[in-house]
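Residue numbers (UniProt numbering), protein chains in the order written: chain G, 1 to 238; chain U, 1 to 238; chain W, 1 to 238; chain H, 1 to 238; chain C, 1 to 238; chain D, 1 to 238.
Treat the hints with care, as some may be off.
Since the list gives no way to pick out one identical chain from another, each pair is judged satisfied if it fits inside one copy or across any two copies.
Derived EDC-like pairs: lysine to aspartate or glutamate, alpha-carbon spacing no greater than 16 Å straight-line [claimed, not checked]:
#1 K22 with D71
#2 K22 with D180
#3 K22 with D34
#4 K82 with E234
#5 K22 with D212
#6 K82 with E13
#7 K82 with D196
#8 K22 with D193
#9 K22 with E89
#10 K82 with D103
#11 K22 with E109
#12 K22 with D196
#13 K82 with D219
#14 K82 with E10
#15 K82 with E45
#16 K82 with D212
#17 K22 with D219
Hints were generated in silico from the structure; no laboratory data involved.
Protein chains: 6
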Amino acid sequence: MRPSGRQPDEIREVRLTRNFTKHAEGSVLVEFGDTRVICTASVEERVPGFLRGQGRGWVTAEYGMLPRATDTRGQREAARGKQGGRTVEIQRLIGRSLRAGMDMEALGERTVTIDCDVIQADGGTRTASITGGFVALADAMACEVAAGRLPASPIRHGIASVSVGIYQGTPVVDLDYAEDSNAETDMNVVMNDAGDFIEVQGTAEGHPFRRDEMDAMLDLAQGGIARLVAAQREALSQ
Amino acid sequence: MRPSGRQPDEIREVRLTRNFTKHAEGSVLVEFGDTRVICTASVEERVPGFLRGQGRGWVTAEYGMLPRATDTRGQREAARGKQGGRTVEIQRLIGRSLRAGMDMEALGERTVTIDCDVIQADGGTRTASITGGFVALADAMACEVAAGRLPASPIRHGIASVSVGIYQGTPVVDLDYAEDSNAETDMNVVMNDAGDFIEVQGTAEGHPFRRDEMDAMLDLAQGGIARLVAAQREALSQ
Amino acid sequence: MRPSGRQPDEIREVRLTRNFTKHAEGSVLVEFGDTRVICTASVEERVPGFLRGQGRGWVTAEYGMLPRATDTRGQREAARGKQGGRTVEIQRLIGRSLRAGMDMEALGERTVTIDCDVIQADGGTRTASITGGFVALADAMACEVAAGRLPASPIRHGIASVSVGIYQGTPVVDLDYAEDSNAETDMNVVMNDAGDFIEVQGTAEGHPFRRDEMDAMLDLAQGGIARLVAAQREALSQ
Amino acid sequence: MRPSGRQPDEIREVRLTRNFTKHAEGSVLVEFGDTRVICTASVEERVPGFLRGQGRGWVTAEYGMLPRATDTRGQREAARGKQGGRTVEIQRLIGRSLRAGMDMEALGERTVTIDCDVIQADGGTRTASITGGFVALADAMACEVAAGRLPASPIRHGIASVSVGIYQGTPVVDLDYAEDSNAETDMNVVMNDAGDFIEVQGTAEGHPFRRDEMDAMLDLAQGGIARLVAAQREALSQ
Amino acid sequence: MRPSGRQPDEIREVRLTRNFTKHAEGSVLVEFGDTRVICTASVEERVPGFLRGQGRGWVTAEYGMLPRATDTRGQREAARGKQGGRTVEIQRLIGRSLRAGMDMEALGERTVTIDCDVIQADGGTRTASITGGFVALADAMACEVAAGRLPASPIRHGIASVSVGIYQGTPVVDLDYAEDSNAETDMNVVMNDAGDFIEVQGTAEGHPFRRDEMDAMLDLAQGGIARLVAAQREALSQ
Amino acid sequence: MRPSGRQPDEIREVRLTRNFTKHAEGSVLVEFGDTRVICTASVEERVPGFLRGQGRGWVTAEYGMLPRATDTRGQREAARGKQGGRTVEIQRLIGRSLRAGMDMEALGERTVTIDCDVIQADGGTRTASITGGFVALADAMACEVAAGRLPASPIRHGIASVSVGIYQGTPVVDLDYAEDSNAETDMNVVMNDAGDFIEVQGTAEGHPFRRDEMDAMLDLAQGGIARLVAAQREALSQ
């Protein structure tokens, strides 16, 4: 039995609130149950040095957690003077994932920065960030098209992400904090809306996992991501 | 005429949403018009080194702005590796202001950290942070009393803050961004609920101000703060 | 009775020693009683990025304290790897104050950096820095005129600063360390030589202050600054 | 055809030179073809703060690359003042992987630090680091047993790692730099000597991968790791 | 001919002003011609971690230059966030030199920090710092004896330092900036008052130096230091 | 009697292994007995800002120690976020020493970076770095000539370095760790292959040294360096 009473293949309620703040080209509040992340997409007419003059764009991400997004207050990274290893890992993952859905030539020499700021954490902040970040990215691209700065959206594929794991011997999808902190194995999966894999990051915290467990987790991830892709499409169609 | 159509002595609509997030002892979303700040109060059973063993508590504040809280994206301070001078100034002001309403002996050897994170900026983020931060602090103290960790709230006075300035020759209260960026003089005033001054920080951006202008601004501040104190009381009574 | 035996409206002896060191365009040792600060003004033919190509100049300030300027040795900020919050606040105040007396178009694309280094501290280091920094700035501008790099000094107003506060219930001017460390309320006031306010920064350390106390403090500040402006004029006339 | 002429399921020549330097409890030069990494294991009689007093030990890893380990010189991270995101990711992976083979209660309150320093890079530095790091760890544990500080080795499972990917449409194992820099998909797999998975980190650089491609890559990884485990056993038996 | 008209073996006028600032246990303004350095000695009742519990003391030094101590303004190290390589080298040299004259057992578990802050630079700031720093150290030790915290001064030997070099083919002593910036070879020599060497740091900027040139420079250094030791004794006897 | 059984004027066995790694223009493993340092020379077609447009080149050095190169593990400087004072001193010494043998006009607008990374330390790491770094520099210059980027090598003199010191009252050459950690006086000497001095850095750790001791140490250094120069020539002739 999962602490939340959910079925093993049941994801939490997903809410995607577009235009959550007014300044950004794309701004989305994403909620996976009690996990809440503000995702904004900012477009700038410049690219990092290593891409200059190549006619191609870039998508990058930054991730942060408000100090009291969690049960006990964490140190503010700006005050500490550096981003922790976990933050660095997560923002690199978000950036790679969202780049995989884009046509960088079609984007042209622009950088889109996806800022994912967790205001309340209850497990799955990185998968929520990718899923909500994609909607912010889509809105920002639509904004560029509407403003006549791009002829068409450079997005080629939707991107969504969910966690899977083994909780008390059973494979489950979309772990909340109560499950995540006790999971024996934890895997984050990123897929596109064609059903192909973008990223698979599995870690055996408690005990190493067998090949058949991996197969079961991948099946659950495919099911969960299909529902997230549907939620993204519904949100973007409104 | 003010850009927003407000009267010179009219503050923006104020909203104070308590229990905005679930983990913190106090958590408030404060809105001064389009300016929105998440204020959380976190209580920890320890004090900084310089206070250890004296039986007294401490209240401190940290301030941050999400990178895209503003019209153009600002660099994330955690990524840059240090907090800017403006951030440091603001968080020191918030901390000093809120300490002025507390009885530190009654707090005992505890630290309350007020985190003020701006999710949308439209002028007055520091005054909104102080005003909302006080409500979060009050909730956190009530939480400690309810949990039996404190016999009574160590709060002695309510604290609120508003900006005043001279916009196109006229003294006005609670400047929004359109006014603030064009104001000739800008002053942040912090007062307690007894009508006394805690902090006065006036800066002549455009032209130095005369003594009579200062008097007019202080009058406006007193009126604005009276309304904010009323809003705090109403929010806390619900 | 004040610890120094001064009258409430009596400032300390002020000494302004010009040409204190030989390399800078302006170099002044300012002394407010036992508080001693070396102020140098350095002119460079460039402006910060945000001003480039606009034909306007910039004045900025940096502040430091020798580690043993105070009674107990403080950590060297260069060794610690960052400037503290107090330093950042003070140097921003000095810069804003001195910019208020300048015509930036007349300065042209030049940056003047005012370095204020406290070699002995006894209260009022920021007000002494502003008062002495102005004399260094005036000397540097005269040096540019003498060298033919500027047709006339871009200084429009003299700038001086003094502290006021409430010590044992009595408003007093120009607090020394013995007073400052026990003051209930402390306010730094910056004015120009036309008698208008540039900055007012009041903080209630001990008890919040009433409007009539504020009025008394502003009166004392006006008197004290008038005497500092006279001292600046005398020093510059020699 | 692979650039090196290897078969798709053929790993590079592996060399594990024990006692490569004289000071460390375990010191191994690991070579995967032209990739060469010095792995040392250092034992200290203390644990990080979060483990103190629990009777359990810790294994952590640090990773670095000599500036000219690569074709063009990279900036020295010590000179730059921080470790890059890639470094942080890799050293966290190495640490998690090696912890998975250890019984932390049996280790007692000791920390083993695995330093992996790449002196020549040709693809697969992280998989070589894990594979060589395990041998250094095993030697360090044997050293503790020999010195009477531990009754028996706390190692429960061997750990090894290999990369797999899709190069020009074909799944291949143990990619060298020529392949890695052109691979469409890249996956690092860590397994224990019982054939279970510890970590799976797959990234679609070029094109997202299908489930059948993932299966093929996992098959290759299992074969490659079996050969690495055999090489570790042979090295440790000498 | 030297730019200053001095003889090859002639040092600049030396002034040692004791009690230059009021807070430190020892405070000296040292002047070697136009080079002016404030040296303070601060005594604290604690030692660095590596010495704790051994009954021995420590002497350390920190060095800084005011940004406009030189002809063109240098960046403030506190603002830049780190001390430069030259600063680190110099402060390590000062600390080692002054430790060589002390009996650390007699000092007991105390740390003396010598702060050397250059307010005007004209060559030889490190040699002036050592020479002036010794007088500040002697005053601080006398202060501890006078206060009854030490039974007798732990100083065993006076320490002084001078530079020598080869300027336009001629060995000269105590180079000023005009000479130093054109010297072919530059050597800083530290000796004690018994005429023995503490440090010799020679660098061939322009051309490597022969053994006979080295001998000539060492002779000049011995002569110059003898005069500095005399100046220290005279200053301390007043 | 020296711990190693060597004669006072006997240096350790020296090995210079060229082409130790494959990517750098010059790559040498230098061994002074058990001290082992990897020295690489990297050539880049750019110069630091202060040299731009002058037609001259630059040689600089960076130094590091693997954390477990020593008997107890040292903190990794990249993890700590800054290079220590000792590292800064050493890399500045290596850079200055190697520049002394070069004709910078002949090098043209190129920077050669010598990276010296100690993989095993047993005393004399800086002298080994200079001696091995020179061979790497020579190989890199030969590589540039062979590639047609330079008409001839810009090296004018060979550079080598050895330590001398006073161990148990006796002057000795090339101290190993057992001697170095107990030496009363320690001096690093750098000379060119014409027998002239480039750097002399002597420090009296235990007791100040007399002039005659200095003479004896310089004699030993000259003898030791002559043997190192011969070893360099032999290595480069193969």
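Hint check:
1. K22 with D71: between (29 Å within a copy, 9 Å between copies)
2. K22 with D180: neither (34 Å within a copy, 18 Å between copies)
3. K22 with D34: Answer is between: at 9 Å across copies they meet the 16 Å cutoff, but 23 Å inside does not.
4. K82 with E234: Answer is neither: 38 Å inside a copy and 40 Å across each miss the 16 Å cutoff.
5. K22 with D212: So K22 and D212 fail the 16 Å test inside a copy (47 Å) and across (38 Å) alike.
6. K82 with E13: neither (34 Å within a copy, 37 Å between copies)
7. K82 with D196: Cα proximity of K82 and D196: none, with 35 Å in one copy and 36 Å across.
8. K22 with D193: Classified as neither: same-chain Cα gap 28 Å, cross-chain 33 Å, threshold 16 Å.
9. K22 with E89: neither (29 Å within a copy, 26 Å between copies)
10. K82 with D103: neither (32 Å within a copy, 32 Å between copies)
11. K22 with E109: Neither, since 25 Å and 36 Å both go past 16 Å.
12. K22 with D196: neither (34 Å within a copy, 36 Å between copies)
13. K82 with D219: Answer is neither; intra-copy 38 Å and inter-copy 40 Å both fail.
14. K82 with E10: Answer is neither; intra-copy 37 Å and inter-copy 42 Å both fail.
15. K82 with E45: neither (27 Å within a copy, 26 Å between copies)
16. K82 with D212: neither (40 Å within a copy, 41 Å between copies)
17. K22 with D219: neither (39 Å within a copy, 33 Å between copies)
Figure legend: structure checked against the earlier numbered hints; hints not met, in rising order: 2, 4, 5, 6, 7, 8, 9, 10, 11, 12, 13, 14, 15, 16 and 17.
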